[in-house]
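Listed below are the residues making up each chain.
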Amino acid sequence: MAQIFHPSFNTISKVSIFGAIFFLGAVIYGWDTLLRSPYATQVNVAREQPVPFSHKHHVAGLGIDCRFCHSTVEESAFAGIPATKTCMGCHATVWKDAEILEPVRASLRDDRPIEWTRVHDLPDFAYFDHSVHVAKGVGCSTCHGRVDQMPLMWRVNTLNMDWCLSCHRDPAPNLRPRDSIFDMRWDPDTLDANQRAQLMMDYHVESMTDCSVCHR
Amino acid sequence: MKALRRLCLAATLLAASACRQDMHDQPRFEALEGSSFFADGLSARHQVEGTIARGELQLDPHLATGRIDGAFANSLPMPLTRELLERGRERFDIFCSACHDRAGYGEGMVVRRGMKQPPSFHIERLQQVPLGYFFDVMTRGFGAMIDVADRVPVADRWAIAAYVRTLQLSQHATLAEVAPESRSKLEDQR
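Sequence order for the protein chains is A and B.
For the first sequence, position 183 matches number 183 in the numbering used here, and the numbering has no gaps at all.
For the second sequence, position 50 matches number 50 in the numbering used here, and the numbering has no gaps at all.
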């Protein structure tokens with residue numbers, strides 16, 4: 001029987017098998033990059049909201065504390081989103097007739113809550129709790145960034161599991177004294193390694209990486 | 001035949017790996033999540049009238065309303081401690097200082113941007129009111145000021161009331177009332 005393949009095909013077949021591995025690798029890499037891109041993770045992408053509420057104005061401009069509006073952040077899993085009434089405490093007199101605040105007034109009038117677009121939303125199979133992070137010395141800006149500079153809210157972190165774990169494996173560099181939790185300007189470099197180790201001891205912080213911590 | 005079986009297997013596997021979000025969005029409600037089931041669109045129901053939520057039973061009218069036998073109480077329903085005042089200061093700065101400013105003169109940032117100006121805490125009339133009055137203003141609101149009862153728990157409201165009184169005393173204190181060890185520091189600053 002005559003040979004079907006010329007001997008040079010030996011090389012071609014080797015190269016193509018070898019090449020397939022690289023091709024597959026490139027596809028997987030490309031897919032992974034896509035999943036981590038701002039397009040998929042929505043990092044640094046400002047969301048449209050029914051009312052263009054500005055943290056920059058209210059936090060940096062007026063100096064209002066986070067807890068004025070997110071009042072359950074210290075004692076519950078959920079940080080809390082302010083009721084319409086909380087806005088109207090000021091906006092019944094301040095910017096009383098402004099067009100952009102009409103949805104807020106309508107919400108009070110019709111007794112229907114404002115439907116904010118969620119910016120941070122973990123899948124339901126992951127458990128997150130604000131109170132423990134606040135109590136153990138992790139500040140808002142560590143996870144949410146410079147909220148006081150945001151005219152509209154966006155995310156600065158992916159909220160992927162590897163992001164949670166990067167801190168849970170080694171929390172020390174992300175800790176700060178409890179009285180600075182809400183300080184947006186706090187700079188992590190103000191503490192040295194010894195002071196961080198001291199905070200780990202004072203607040204009894206452990207490295208928690210068991211699956212059941214977050215998948216329960 | 002074998003090829004067909006392989007093809008079927010591959011198709012089944014592909015179907016099984018398809019993107020389902022059931023575990024991402026499970027049939028339960030997160031806090032404040034909307035619901036299409038109820039007409040008002042809320043998943044959390046309003047408390048049924050005439051019922052009391054767990055932990056919210058208030059048997060002590062002094063603690064819960066600031067009144068004893070219908071008249072404002074001029075005492076705290078809990079012991080006065082340093083921690084209580086520290087807590088009061090923290091909570092006052094969070095919930096009141098935007099309008100009343102940190103010293104209580106009613107010149108907070110929001111007032112400068114158009115909010116009705118509240119009276120200073122250091123006027124004669126407010127110096128004379130009993131402690132329970134401050135608690136009542138926080139619990140039920142007063143004129144243009146909304147209540148903070150939904151955001152500030154009962155114990156914290158008392159801590160704030162105690163701190164407001166402290167602020168009032170601080171603005172009319174004489175040097176003789178300052179603890180001796182701090183006195184020289186103040187004199188240096190003069």
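Simulated from the structure, these hints should not be mistaken for laboratory data.
All values reported here derive from a predicted model rather than from experimental measurement.
Every residue gets a Cβ at the ideal spot worked out from N, C-alpha and C, and that includes glycine.
Incorrect hints may appear among the rest.
To be verified - Each computed DSBU-like pair below joins lysine-lysine, with the alpha-carbon atoms no more than 30 Å apart:
#	chain 1	residue 1	chain 2	residue 2
1	A	LYS85	A	LYS96
2	A	LYS14	A	LYS56
3	A	LYS56	A	LYS85
4	A	LYS85	B	LYS116
5	A	LYS85	A	LYS14
6	A	LYS56	B	LYS116
7	A	LYS96	B	LYS185
Claimed, not checked - Short, incomplete list of chain A residues facing chain B, as computed with Cβ under 10 Å:
#	residue
8	ALA77
9	GLU115
10	TRP116
11	TRP186
12	ASP189
Okay, the hints, checked on the actual structure:
1. A:LYS85 / A:LYS96: With Cα atoms ~14 Å apart, LYS85 of chain A and LYS96 of chain A stay inside 30 Å; holds.
2. A:LYS14 / A:LYS56: Answer violated: LYS14 of chain A to LYS56 of chain A is near 60 Å, above 30 Å.
3. A:LYS56 / A:LYS85: holds, 21 Å
4. A:LYS85 / B:LYS116: Holds, at roughly 17 Å.
5. A:LYS85 / A:LYS14: violated, 71 Å
6. A:LYS56 / B:LYS116: holds, 23 Å
7. A:LYS96 / B:LYS185: The hint is violated at about 47 Å.
8. ALA77: holds, 8 Å
9. GLU115: Hint on GLU115 of chain A: holds, closest Cβ of chain B at ~7 Å, below 10 Å.
10. TRP116: holds, 9 Å
11. TRP186: violated, 17 Å
12. ASP189: violated, 26 Å
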